[in-house]
Amino acid sequence: MNAQRIICMALGVSVLLAAVTAAPLICPASMAEAVAAAEQGDFATAVALYTEEAEQGNADAMIVLGAMYLEGFGVEANATTGGEWLLLAAEQGHYLAQYNVGYLYLMGLGFEQDLDEAFNWFRLSAEQGFGIAQQNLAIMYDEGMIGSPNPSLAYFWGLIARDTGVSEPEGLEMMLDRLEEELTEEQRTLAQDLAAEWEPVSR
Numbered sequence: 030m031n032a033q034r035i036i037c038m039a040l041g042v043s044v045l046l047a048a049v050t051a052a053p054l055i056c057p058a059s060m061a062e063a064v065a066a067a068e069q070g071d072f073a074t075a076v077a078l079y080t081e082e083a084e085q086g087n088a089d090a091m092i093v094l095g096a097m098y099l100e101g102f103g104v105e106a107n108a109t110t111g112g113e114w115l116l117l118a119a120e121q122g123h124y125l126a127q128y129n130v131g132y133l134y135l136m137g138l139g140f141e142q143d144l145d146e147a148f149n150w151f152r153l154s155a156e157q158g159f160g161i162a163q164q165n166l167a168i169m170y171d172e173g174m175i176g177s178p179n180p181s182l183a184y185f186w187g188l189i190a191r192d193t194g195v196s197e198p199e200g201l202e203m204m205l206d207r208l209e210e211e212l213t214e215e216q217r218t219l220a221q222d223l224a225a226e227w228e229p230v231s232r
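Residue 149 in the numbering used here sits at position 120 of the sequence shown, with consecutive numbering throughout.
Keep in mind that the hints were calculated from the coordinates and are not lab data. Fair warning: there could be bad hints in the mix.
Each pair of labels, with its calculated beta carbon distance range [as the list claims (entries may be wrong)]: (1) Glu209 x Thr74: 49 to 55 Å; (2) Gly101 x Glu141: 17 to 23 Å; (3) Ser59 x Asp145: 35 to 41 Å; (4) Ala58 x Glu215: 53 to 59 Å; (5) Arg232 x Gly70: 26 to 32 Å; (6) Asp206 x Asn107: 16 to 22 Å; (7) Val230 x Pro178: 22 to 28 Å.
The structure displayed is predicted, hence computed values, not measured ones. Glycine included, each C-beta is placed from N, C-alpha and C at the ideal position.
All chains, full assembly: derive it from the sequences and hints.
Rendered as structure tokens:
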């Protein structure tokens, strides 16, 4: 397994905070206070407030709380607890949590390493239009991490990731160029047509 090609590590507190605060949803008062506390560096208060919201089923709170446990912000670092909170949010369908759970399974952090689980969670996130997860699916198909290498599906997901936008496009373009040479014209055309028709499921 060449996990080094997987593009990003688990999304950290700063990234998840930005995603949560950018969401166009009515934010509970305690969530707003938690965000403010975290942005001011008062992570102990933030953890307490996020825990309160997470225990009430708030998926946004769960993913930030999970990241705080992973990174040790305001609490002692604990990958198992962090993974448990992220899994709860992932099971609610949160694409960022699904991506992070996939990464944790891939690396064996907080969960026993399981490439099938990693792939399944990346796929759920990718289907909601998350570019990093789409790129990682392409890499897993290309590397044969869940069976024999499948260049057609690697190319398909790589095209979708490129259209979505990713953080490291150079590596993606190199992979797509190589796959274009490996595939037949018929395989390339089919993958391109399917990618052009593909649409993410609603978040």
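Next on the checklist: Which constraints among the numbered hints does this structure fail? Numbers only, ascending.
Outcome noted: Hint check: 6 fails alone, others pass.
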